[in-house]
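Q: Just so you know, the sequences run in chain order U, G and P. Quick note on the working numbering: the first sequence kicks off at 1 and runs consecutively. Quick note on the working numbering: the second sequence kicks off at 1 and runs consecutively. Quick note on the working numbering: the third sequence kicks off at 1 and runs consecutively.
Since the hints were made in silico from the structure, they are not lab data. In this text the structure is predicted, and so the values were computed from the model without any measurement. Where a beta carbon is used, it is the ideal one built from N, C-alpha and C, also for glycine. There may be inaccurate statements among the hints.
[Unchecked claim] Chain U regions said to be covered by chain P (calculated; three or more residues, Cβ under 8 Å):
#1 19–32
#2 62–74
#3 79–89
#4 438–444
#5 580–594
[Claimed, not checked] The following label-pair restraints were derived from C-beta to C-beta distances:
#6 87(P) x 31(U): 39 to 45 Å
#7 143(U) x 189(P): 54 to 60 Å
#8 10(P) x 502(U): 38 to 44 Å
#9 360(U) x 237(G): 55 to 61 Å
#10 248(P) x 295(G): 48 to 54 Å
#11 218(P) x 191(G): 55 to 61 Å
#12 95(U) x 269(P): 15 to 21 Å
#13 145(G) x 423(U): 51 to 57 Å
#14 423(U) x 61(G): 26 to 32 Å
#15 218(P) x 502(U): 50 to 56 Å
#16 17(U) x 138(G): 22 to 28 Å
#17 196(G) x 10(P): 32 to 38 Å
#18 47(U) x 61(P): 41 to 47 Å
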Amino acid sequence: MTRGRRSGALGAALRTPTGAIAALLLAALLVLALVGPLIWGHEARAIDVANMLQGGSSAHPLGTDNLGRDLLARVLVACRLSLALAVLATLVGAVIGIPWGALPVVLGRRGARFVNASIDFSVAFPSLLLAIFLAVVLGAGALAAVLALGLVSAPAFARLTQTLAASVAGSDYVAAARVLGVPRSRVLARHVLPNVAEPLILNVTLTVGYALLSIAGLSFLGLGVQPPDYDWGRLLQDGLQRIYVTPGAALGPAVAIVIAGLAFNGLGEALARAASTRPAVRKRPRRGTAATVADGAPVEDAVLDVAGLTVAFPTPDGPVTPVRGVSLAVGPGEIVGIVGESGSGKSLTALAIAQLVPAPGETAAQRLRIAGRDVRAIPAAERRRLLGTSVAMVFQDPTASLNPALRVGRQLAEVAEVHGGARRSEAMRMAVERLRTVRIPAPERRARRFPHELSGGMRQRAMIAMGLMGSPRLIIADEPTSALDVTVQQQILRLLRQVSDETGAALIFISHDMAVVAELCQRVLVMYAGRVVEELDVATLLSAPAHPYTRALLASVPEMATDRDQPLATIPGRPPEPHEVPEGCPFAPRCPLADDRCRTQLPMLRELAPGQAAACWHPQADPAPVGGIAAEGCG
Amino acid sequence: MTALQTTGLTVRFGAGAGALTAVDHVDLEVPAGQVVALVGESGSGKSTLARAIVGLAPTTDGQVLIDGSDPAALPGERGRALRRRVQMVFQDPYASLNPRMTVGDLLAEALGARGGVRRPDRDSEVTRLLGLVSLDERHAGRLPRELSGGQRQRVAIARALAVEPAVLIADEVTSALDVSVQGAILNLLAEVRARLGLSVLFITHNLALARYVGDLIAVMYLGRIVEVGPVDELLADPRHPYTRALLAAVPALGRRTAAAPTLDVEPADPHAPPPGCHFHPRCPIGPQVREDRQLCIASDPWPDAGGRKHRAACHFADAGR
Amino acid sequence: MRGSGWTANHPMLVFVARRSARLVVSLALLLVLSFAMIHLIPGDPVRAALGPRAPQSRVLALRHDLRLDEPLAKQFVDYAGNVVRGHFGTSFVSNLPVSEIIGERLPNTARLAGIAFVVILGLSLPIGMLAAILTRDGRRRGTDLAFTSVTGGLAMVPEFLLGVGLVYVFAVTLKWFPVAGQSGVSSYVLPVTSLCLGSIAALARIVRAETLKVLGEDYMRTARSKRLPARLEYLRHCLPNMLTATLTLGGLLLGGLIGGTVLVENVFAWPGLGTIITQSVAQQDYALAQAIILLLGSAVLIINFGVDLLLGTLDRRSTIRQA
């Protein structure tokens with residue numbers, strides 16, 4: 001059995017240019033710290049009163065100090081002390097901070113509160129003041145400086161450790177280990193520490209850099225290293241006094257400090273970047289087949305008429321097209337559903353219709369008309385008004401989709417202010433009215449609240465109300481009930497139905513839940529791997545769907561009439577990711593009816609009967625009724 | 001013989017006025033070899049109940065009995081061995097596997113916890129476990145991030161089975177998976193249960209799934225079990241208004257969304273449960289709708305639930321409407 | 001519990017009360033620490049200050065002056081009382097009252113730090129936000145790289161080094177600005193620049209990172225779907241959410257400004273508190289050192305308190321959670 005691959009962030013970091021250079025510099029500094037005093041120590045101590053306070057020359061590139069000692073040698077030798085002190089200070093900080101932050105894991109709730117408070121308390125204290133304090137008490141010197149820095153960096157370590165430990169300790173995999181009965185020590189060693197180590201190492205690297213700079217500063221002030229010892233800070237202070245005459249004396253130590261600081265921070269940054277972006281192993285994406293041919297003429301009277309809609313994202317391995325040639329026409333007051341699993345592209349289709357696909361994605365379509373207007377041809381200001389008022393979006397997670405920093409009423413009212421030119425008070429009144437329309441109790445009070453003060457169902461109602469502010473002709477709802485409880489879901493579905501009935505707006509309802517779509521919609525599009533594979537009305541969906549995927553999907557949904565004695569129908573494999581869509585029919589790898597033609601030729605969407613079109617070489621014609629308990633349902 | 005039983009199990013977080021009673025005196029039985037489907041929405045406390053049973057959440061009151069014995073009463077290793085007989089599979093397949101351990105390592109660790117497997121046998125045991133969940137030995141060298149959601153859930157199940165439990169708690173194990181993949185996991189669970197004679201506590205918010213999977217259904221609301229009974233019977237003749245509301249709300253193929261909007265009532269706040277019957281503010285046959293049913297506000301129907309059919313916690317359960 | 005309903009309904013007040021209590025406790029602790037400083041010194045502090053050759057009579061006289069022969073508790077009470085009234089004792093190096101010395105120098109330091117504070121906030125927020133808006137979604141890779149490298153480099157250069165460098169280039173070589181001292185408007189330029197540049201770079205990076213994070217949130221997508229003018233989108237929807245995390249980290253940075261000011265003053269021989277710190281420590285002028293720690297420490301605590309309050313008003317969710 002192979003052991004876990006510990007390629008880790010370090011390896012990744014070293015592969016970036018910043019990381020590689022920084023690591024190289026650090027290695028050089030380490031070597032210098034080790035051997036510098038051995039090689040140049042003698043020269044650094046050699047007093048030569050005859051050549052005091054000289055400027056740069058070939059013998060002494062940085063000049064000499066007040067006792068004639070070579071400054072370059074002194075700078076090189078000072079590396080050891082500067083580095084050692086920084087490392088020592090960091091060690092002090094880590095040794096105090098890490099256990100401090102890990103305490104809550106051991107202590108439980110009470111202890112956690114105390115630790116939290118103490119960390120909050122000490123985290124902002126500037127190192128300088130502590131250094132002064134310790135310098136007075138212990139006498140100015142390296143010890144005071146190291147202690148001061150160490151104590152000051154401890155709270156940061158503690159905070160980091162506490163956050164990491166809490167998140168790891170609360171994770172499901174640690175929970176699973178505990179339930180299995182894995183001994184505590186092993187949980188700590190195998191589960192907690194490895195997942196905590198990387199960020200801590202990163203913090204250590206950054207802290208050493210910070211300590212180096214701070215101690216140099218303290219020495220510069222005279223509070224750090226005292227003569228006859230010298231570090232870069234001390235040398236800088238001496239050099240500063242002569243900066244007008246012999247600048248080399250100051251620049252030498254200055255450059256050394258800068259290089260060391262850059263090296264540590266550079267490595268830290270590279271580590272941080274490597275840790276945050278580590279995608280799973282990615283296969284090469286297949287080149288997607290070009291956009292399919294759209295169907296003929298524009299639809300009259302349609303609220304939405306889109307043909308050949310495609311969304312493409314550029315990636316280092318080539319463009320990826322999660323939406324490939326989708327065509328859809330929706331009439332006024334119609335409720336159309338789009339059903340699909342992950343990777344089907346249904347959500348992106350919704351975003352593309354509303355022109356909301358985030359960069360660098362690109363939307364293309366042969367035709368895109370909303371309320372009779374060509375969205376791409378009209379001037380920008382008109383397009384903004386059209387999309388801002390005639391199209392309403394309702395997103396999946398109402399908690400994340402409402403701005404937590406603004407009151408609910410404000411978020412609604414601004415639509416009227418911006419697009420309707422209404423004054424503030426008027427817009428607010430409209431907002432409250434809309435909230436009332438969606439049956440939020442006490443709407444005046446609720447309008448003044450922040451989103452987190454409302455329940456999940458109410459937030460979704462507020463989102464719908466926000467969409468209604470502009471008298472929309474088209475409502476696009478992307479999984480609006482997936483994050484809600486089933487009883488709340490029912491309320492929202494009824495609300496959507498009511499809104500569509502009362503305002504005459506068309507509704508596009510996107511979901512992974514077949515049953516919900518079948519309940520609410522009149523017509524359904526089934527999407528798979530970025531394409532529409534079948535389009536049919538609900539009655540046909542429940543009696544005779546043609547595409548094998550539609551059938552399989554319907555069969556695999558357990559519902560109140562499913563036969564309990566049979567295993568659940570499944571579809572082997574899983575839906576393809578946008579970058580791994582195969583040639584030919586995308587469903588072929590999982591389809592029991594697939595033959596060579598399916599695997600090589602992509603079937604187009606063809607009309608099989610009025611109101612039913614399927615993209616399949618072997619569309620099924622035999623009836624396949626579902627929902628055994630007929631129209632009335634149960635309960 | 002009951003494989004798993006809780007008596008008066010209570011989990012309360014905090015104290016005083018701000019306390020949250022997530023699980024409120026729950027009596028639950030999982031008969032040996034059967035599946036109990038525990039159904040509830042968010043805030044019902046079903047996940048907290050599961051965690052309390054396996055010792056991940058602190059129990060404020062009540063007992064958990066495994067095979068008739070209380071593990072807290074047994075000292076040291078015997079207590080631990082008894083606890084191990086209940087294992088759990090979690091909802092999120094992406095969070096329940098240590099991202100830095102290979103599948104083989106995880107399973108080996110679980111085997112180590114069980115004990116009794118010598119080093120040289122470990123590899124073959126791991127392969128056997130993988131086979132139980134229809135994965136092959138190649139997967140042992142993979143890291144979790146290289147597996148799909150369905151495959152991860154299989155690994156999680158294999159891990160739970162490694163210690164040879166008597167009871168498996170499945171906490172919303174398919175909620176994070178695609179529909180076409182869910183079936184495979186559920187079929188796997190059924191197969192494993194039949195083969196190993198496991199008892200299962202299947203937690204879900206999906207009533208259709210509960211019906212498919214369970215022999216018994218228990219309905220939870222705001223920390224309490226409001227109705228429990230054999231699946232067909234309960235679904236044919238639900239006694240508690242909440243159960244009826246759940247049934248009515250489940251989307252069913254063939255039904256159409258009514259045009260009539262429903263009363264929007266806020267779901268109850270678990271921090272401040274309503275007095276008397278916790279469900280009364282939302283109850284379609286309760287005091288909001290019927291003036292004469294003040295009893296629901298005054299008195300909690302739960303204490304005498306035992307006397308009613310399906311142990312329904314409703315004063316008017318037998319009245320029907 | 002009586003009153004628990006009230007606390008739940010007024011989370012803001014509870015929050016302010018809690019933070020104020022914490023401030024008072026911190027200030028009290030600071031007072032105790034600065035008082036204890038002298039008493040923590042191993043050996044006889046007065047002897048240490050006056051040196052081994054000073055006559056014993058002088059040592060005793062000074063001990064009496066400093067009231068070191070009285071009981072500890074009484075000393076502390078006297079000390080606290082004096083501090084509150086603004087009496088910080090006498091510098092026994094210069095024999096001037098410490099409050100006079102500080103009174104002379106504090107305004108200079110405050111001016112320097114204050115101007116730097118304003119410049120840092122005033123520049124880093126717009127620079128960071130602009131950088132984020134220009135480079136979101138991977139646009140303008142070149143600008144991204146330039147911004148990251150420049151700010152990265154500048155943020156790592158400590159203020160005193162920057163000061164030295166600026167002095168060399170602009171004062172010594174180009175002679176555009178005075179080399180040291182406080183002498184009119186032009187003498188502020190180099191010190192303020194040294195103080196600000198690193199912090200602006202660091203804060204601008206933080207602002208950019210936070211703004212990018214906020215721009216990726218779902219509620220920004222909602223704002224875009226409402227087709228609001230860019231001004232509203234960024235200022236009303238993005239800014240408040242970005243400020244929270246920015247201020248948290250930025251607050252720490254501003255507390256660190258104190259340290260930076262001290263260093264920069266030393267580079268430019270600025271007549272502020274920073275230039276007498278070293279002397280006071282080296283010469284063991286305890287009263288002066290005590291007063292400096294007390295004043296600068298209080299300034300840091302009060303700044304953090306202000307930032308906390310500001311954060312509390314901006315981020316209601318965490319306010320309620322903490323109440």
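Q: Work down the list of hints and note, for each, if the structure agrees.
A: Hint-by-hint comparison with the structure:
1. 19–32: violated (count 0)
2. 62–74: n = 0 at 8 Å, threshold three: violated.
3. 79–89: Three-residue rule not met by the segment 79–89 of chain U, so violated; n is 0.
4. 438–444: Contact hint for the segment 438–444 of chain U vs chain P: violated, 0 residues under 8 Å.
5. 580–594: violated (count 0)
6. 87(P) x 31(U): 39 to 45 Å: The hinted range 39 to 45 Å is violated for residue 87(P) and residue 31(U), with Cβ atoms some 56 Å apart.
7. 143(U) x 189(P): 54 to 60 Å: Distance hint for residue 143(U), residue 189(P) is violated at roughly 38 Å.
8. 10(P) x 502(U): 38 to 44 Å: holds (40 Å)
9. 360(U) x 237(G): 55 to 61 Å: holds (58 Å)
10. 248(P) x 295(G): 48 to 54 Å: holds (52 Å)
11. 218(P) x 191(G): 55 to 61 Å: violated (40 Å)
12. 95(U) x 269(P): 15 to 21 Å: violated (39 Å)
13. 145(G) x 423(U): 51 to 57 Å: Holds, since residue 145(G) and residue 423(U) (Cβ atoms, about 54 Å apart) stay within the stated range.
14. 423(U) x 61(G): 26 to 32 Å: violated (58 Å)
15. 218(P) x 502(U): 50 to 56 Å: violated (28 Å)
16. 17(U) x 138(G): 22 to 28 Å: violated (36 Å)
17. 196(G) x 10(P): 32 to 38 Å: At roughly 57 Å between Cβ atoms, residue 10(P) and residue 196(G) fall outside 32 to 38 Å, so the hint is violated.
18. 47(U) x 61(P): 41 to 47 Å: Cβ of residue 47(U) to Cβ of residue 61(P): about 43 Å, so the range 41 to 47 Å holds.
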